[in-house]
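Dock chains B, C and D against chain A, hints included.
Number of protein chains: 4
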Amino acid sequence: MNRKLRMGMVGGGKDAFIGAIHRIAAHMDGLIELSCGALSINPDIAKESGEMLFLPAARTYLTYEEMIKKESELPASERIDFITIVTPNFAHFGPAMMALDHGFHVVIEKPMTFTLEEAKQLQQKVKETGLTLCLTHTYAGYPMVKQAKAMVASGVLGKVRKVWVEYPQGWLSKLSEREGNKQAAWRTDPKRSGKSGCMGDIGTHAAHLAEYISGAEITHLCADLNTMVEGRALDDDGNVLLKFNNGANGVLMASQVAAGEENALKIRVYGENGGLEWAQQEPNTLIVKWLDQPTQILRAGGNYGDRLSSFATHNCRTPGGHPEGYLEAFGNIYRNFALTLSARIDGTTPTKEMLDFPTVDEGVRGMAFIDNVVASAQSDVKWTAYKVD
Amino acid sequence: MNRKLRMGMVGGGKDAFIGAIHRIAAHMDGLIELSCGALSINPDIAKESGEMLFLPAARTYLTYEEMIKKESELPASERIDFITIVTPNFAHFGPAMMALDHGFHVVIEKPMTFTLEEAKQLQQKVKETGLTLCLTHTYAGYPMVKQAKAMVASGVLGKVRKVWVEYPQGWLSKLSEREGNKQAAWRTDPKRSGKSGCMGDIGTHAAHLAEYISGAEITHLCADLNTMVEGRALDDDGNVLLKFNNGANGVLMASQVAAGEENALKIRVYGENGGLEWAQQEPNTLIVKWLDQPTQILRAGGNYGDRLSSFATHNCRTPGGHPEGYLEAFGNIYRNFALTLSARIDGTTPTKEMLDFPTVDEGVRGMAFIDNVVASAQSDVKWTAYKVD
Amino acid sequence: MNRKLRMGMVGGGKDAFIGAIHRIAAHMDGLIELSCGALSINPDIAKESGEMLFLPAARTYLTYEEMIKKESELPASERIDFITIVTPNFAHFGPAMMALDHGFHVVIEKPMTFTLEEAKQLQQKVKETGLTLCLTHTYAGYPMVKQAKAMVASGVLGKVRKVWVEYPQGWLSKLSEREGNKQAAWRTDPKRSGKSGCMGDIGTHAAHLAEYISGAEITHLCADLNTMVEGRALDDDGNVLLKFNNGANGVLMASQVAAGEENALKIRVYGENGGLEWAQQEPNTLIVKWLDQPTQILRAGGNYGDRLSSFATHNCRTPGGHPEGYLEAFGNIYRNFALTLSARIDGTTPTKEMLDFPTVDEGVRGMAFIDNVVASAQSDVKWTAYKVD
Amino acid sequence: MNRKLRMGMVGGGKDAFIGAIHRIAAHMDGLIELSCGALSINPDIAKESGEMLFLPAARTYLTYEEMIKKESELPASERIDFITIVTPNFAHFGPAMMALDHGFHVVIEKPMTFTLEEAKQLQQKVKETGLTLCLTHTYAGYPMVKQAKAMVASGVLGKVRKVWVEYPQGWLSKLSEREGNKQAAWRTDPKRSGKSGCMGDIGTHAAHLAEYISGAEITHLCADLNTMVEGRALDDDGNVLLKFNNGANGVLMASQVAAGEENALKIRVYGENGGLEWAQQEPNTLIVKWLDQPTQILRAGGNYGDRLSSFATHNCRTPGGHPEGYLEAFGNIYRNFALTLSARIDGTTPTKEMLDFPTVDEGVRGMAFIDNVVASAQSDVKWTAYKVD
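Residue numbers (the working numbering), protein chains in the order written: chain A, 1 to 389; chain B, 1 to 389; chain C, 1 to 389; chain D, 1 to 389.
Just chain A, with the same shape it has in the complex:
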């Protein structure tokens, strides 16, 4: 590849949170440039945002339909390679399908769609087109998460017995959706967010991480979803018991009313011989506990050679002690997507480390998680079998 990949952004105007994050993540490694955008449904904001981002006026579009159509008419040497979709959940499916239909690859925020049905349609479309869809489950981009996955896969911990994932946040402890908080407004609105609030927003991250690291799949769950703040339209808290296909049990706890917590995603996995502990707020450390020897502290760093898995070191930009964080984890998703895409464009084979980013399949599984957890919460029976189809 002798050039940067060209990206078009859907959503992410100047008043949006996650769009700015995506741009930093995409820019960081010098592999991707922002070439155009349909940055807001508000034309003024769209234009103003385009200027702030130094986009040419001609490529500051007012709708995603316009963007995809016009870009597809540009010469190959100019038009975008992929679009990235950073709108609220209900507005993921439309641009994703249209982009795939016009030959563009796609990066998309999680949860992937508004409904499981949409997710399956996207999965089918990706299959048909052979294009690449990348889902930004950010937390799977951290080096020490990849190290954890690699250690479990290597068998060094023995058979996994227990997976325990927690995701407490406190930012919805009040009825902020009624007090002008835009993030709160759409995320607690069933028409924009979907059938679950907390579980859709952060529970899906926790479920993905649990399956990603353990290498096992949830087969049954028992959910207690709660709306702790009076007047709220969706769940803002939930506790879920889990069973996995390898015999392990688990607990998933997610809450957005854990007052005083920031973004305290944490996972522990215990096998026959030891356990792993990783916390997102101190992401460069992986605590490895052993039954028969002292606890070890593994640290992220590109300089650790064989001490870490190649999946971990591939995703480090700095030597140990120079902390990387959330933006770099996000950047790793983009970087691996970009390296994979560049390899495919060049006709070469991406390495297994490059290919390690979430795809449409994880997107379908995430939407299924939402469906299953809501079904379980509504059931009086203890265990609900996890269905995808």
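Hints may contain errors.
[Unchecked claim] No farther apart than 25 Å at their CA atoms in a straight line, the calculated lysine-lysine pairs in the BS3-like style are these:
hint	chain 1	residue 1	chain 2	residue 2
1	A	Lys159	B	Lys174
2	D	Lys69	D	Lys47
3	D	Lys4	B	Lys14
4	D	Lys243	C	Lys266
5	A	Lys14	C	Lys4
6	D	Lys47	C	Lys243
7	B	Lys14	D	Lys352
8	D	Lys159	C	Lys174
9	C	Lys159	C	Lys70
10	D	Lys174	C	Lys159
11	A	Lys174	B	Lys174
12	B	Lys4	D	Lys47
13	C	Lys159	C	Lys174
Hints were generated in silico from the structure; no laboratory data involved.
Same frame as chain A, now just chains B, C and D:
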């Protein structure tokens, strides 16, 4: 009180773990002396242990029956004030009832009895005799646990919404009961331990702590109990969803197969305005998180005056930065029991801080927890109502 | 500013460490583009590196002289705005002077020059030209370092009494410079690194941080510099007692033979009313200790409003709990430099938050620190007065 | 030994801090009983304290002279075995000498005496009498300190290069000695405390720990002692550069004006292959850093077998995860002293683990440290050679 209280010990011979802990806890503050013991059902061990503990041969008894009978015949100026029972669970009820019948106060290990029925009989007997029974739920003896309870009670956190208690240990990750580990042998044996293993041994501590700090009572639970090590006779792991009588929800997780963990009891309580976090392995710190101000680190210490509740400072022996630990928490149970008993003997009124130790009522509730959690685990229905009667 | 700033890089070819870091930092916020480079003194590496970075062949120069000359001849709409110098210390001065002479602004790695004399010449040149020179004292770019500085400046801690800064690394614990480690080779070579090894490489960071946060200046020092690894040509370890112009005392410890340490820069500042503690490896936390109230944990995050100083929030890209790290701190230096430069180009006034990046004055002070600390180490007298002129 | 050892206490009346600590430490293991006391120079407090401690009136003495004399006249089966001295520094020497002269062993608080000269006289007297003197350098009683010492001694870290010990406290940040704080009053009074305040009170602990763990001796020091609070008569803060007899360098920092700190003694020792880190406020953890493998977390616990040195496990009362603290460390000093004394009384040989408590020799060295550090502080020459004679 112008003398130390005199204690007789049932169990706790030289090969026992918890008996030695009780002695340190009882001796620490110079309020109690060990006067006699029925230290082992093995006569040789009983005698040898008595000698090691500098007990006179005449007060080194071979059975608890002998001890209680002979001590009750001694003059008041010599005979013991109370017995302490540190035998395995199945052997709690007999000496406790007999002691109460002979006018001796009782200190007893948790879980209080072998069955809920026994627990209720003890409760009735305590009521009838007016004697004092103290249950050694050690973790409730830590100053910062008392601080947490006091803060919740004060209302400063607002209404409690969420209680999350975890208790991972790793020491039963292998089938140690078949490898000569005596602790493992009796604790995994239904005939000596009772109808639950992990939940009876450590789940009861977690449940007690959850109710003690939150000031709320569990009304419903949904339990998943597991035996993760093949060949084991009782549960060694479990996850329990909780509902409390104040509307809060919760999760209780206890495991003895969390390989690599020591004794990692931890509790988090979230209210409308903030949350508390306390971890037993770093017990002198209470993390207080707030919705609208920075997290605070409260530290144990007798020198902190109004910064801490009187319930916390009463239970500190050192100024901040001179860490107290498990033995001091245990010591606080004994110390408060001793101060209360001395006050009652002297005809004075114990302070509310002295009275703050677990009693027969908590013992009944702990046995009910075991019954309820086992019933729920055997049920296909999601929620089991918590019954005591 | 309606475009990105254009940057030319001196050094930073494909085998270099810090050049890659500078590019990530410069790219991250979409304010700067890499337009040309003199990336290596090895022509093959220079060309290959240019290709990897997608630079046009015409702007892949072989020497910095060529780059500065040719770029200065390009039309204003194409030529670079500034150069960034990421070569070893001995090769900073030449390109910096030449760039300033040709009207280009400069970003430069620390320590700024090879000698104090060069540093003063650069300072004079900056003064004469009115151009902007930015020194990448990365650690001053962290939000919570800025918060610490702001809190000291506000007086809330009272008069500063004690500054204690430590910087242990372990990577030079062996004679790695003889084992093919290029980083070790030049950093321990007096001809390329300067008159001090450890103190020049990391001691200068520590000294800068001490003065930056405390707002005070070192007036006297007493240094013990050591070469702990036999055969090494420069100091690899040192302990320095400090006196500040406000009456505070201090200790600066830096070591590159603290085996097992990564990059554990940490600073503590104590005033009459409380103290601050910040550690680079967990950079999003600032611990604030108080004499008369509980310790507080301040956390980085763009969402904390008045809880943090505007200097801190201006340098956050994410809300609390989404950890930013070393690359973002580095990015903040570039971002503030870019915002300042853009404002100046646009003829507007940069805010005080934008202007908060290290300049040529800090560069002179850093070179003076090296001179003074080496002079003190060679002296038998306890205190050496800190001289700049 | 078929009985408890009998202890007489000098000082430690009801208004004293450290006396209560000594009693808890002595009582904890059931090896020692308090038999008599000269608890205060105030007769009313002496009597009241004796009653509170359940001492017989006949053995509640008003002066240490009376106590030592009368006890020495009691029959061997009743009289005390040793005295423990918990008075302010200036009042250590008298009772210690008189006790030794009357055949009693001695436990004594640090610093051992008021002057180095007194310390040497005590050392001579101990030599002559063959009696045992135990100095309560509490921090050397922690299991993980002993583990650290054992690891250094084993050579596993290679040659020690660097010792870094810090001891920040904040409790003298104000002129508390003028505000009724009795502890502050005597500890800052040259007539009661000696020629140094902070260095005598806590610097001696730090110096002892540095030599104890490293197994090396300080040969030179360069001290900066400060009085940061106006009006105070002694140093309340100091920074000291160190040289050791094995070629290692070091820093010792002690402060009592580090506002917001509790009792944050911490030591780091680096060798050629790795480093150790231990912090008193989390005393059950020893962090072991390695050059060539991940950091390990060693934890105290009597159940860890060969994972820990016998010196560590001998000093643990609980299994891992049941935290022991300051009182247990203190208790270890008493317990080892008691076991050694019992062995000697019984005519058996104490084990090397029992013998591992500070003696009169460490007491002399501690007094020499005070002399040397004060001499260095008053000198303009950088390095002061450490003299004992």
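Hints, verified against the model:
With a C-alpha separation of about 13 Å, the suggested pairing of lysine 159/A with lysine 174/B holds against the 25 Å cut-off. Proposed proximity of lysine 69/D and lysine 47/D is supported: the alpha carbons are some 18 Å apart, at most 25 Å. Distance restraint check for lysine 4/D and lysine 14/B: the Cα-Cα separation of roughly 18 Å lies within the 25 Å cut-off, and the hinted pair is therefore satisfied. Between the alpha carbons of lysine 243/D and lysine 266/C the distance comes to roughly 23 Å, so the proposed pair stays at or under 25 Å and holds.
For a cut-off of 25 Å, the pair hint linking lysine 14/A to lysine 4/C stands: about 18 Å separates their Cα positions. Among the hinted pairs, lysine 47/D with lysine 243/C is inconsistent with the structure: their alpha-carbon atoms are about 51 Å apart, more than 25 Å. As the CA atoms of lysine 14/B and lysine 352/D are separated by approximately 23 Å, the hinted pair is consistent with the 25 Å bound. Distance hint between lysine 159/D and lysine 174/C is fulfilled; the C-alpha atoms sit about 13 Å from each other, no more than 25 Å.
The hinted pair formed by lysine 159/C and lysine 70/C fails the criterion: a straight-line CA distance of about 53 Å is larger than 25 Å. A hinted pair counts as satisfied when its Cα atoms are at most 25 Å apart, and lysine 174/D with lysine 159/C qualifies at roughly 13 Å. Taking the CA atoms of lysine 174/A and lysine 174/B, the gap is near 46 Å; set against the 25 Å cutoff, the hint is violated. Between lysine 4/B and lysine 47/D the CA atoms are separated by roughly 18 Å; this keeps the pair inside 25 Å, and the hint holds.
Straight-line distance between C-alpha atoms of lysine 159/C and lysine 174/C comes to about 42 Å, which puts the hinted pair past the 25 Å bound.
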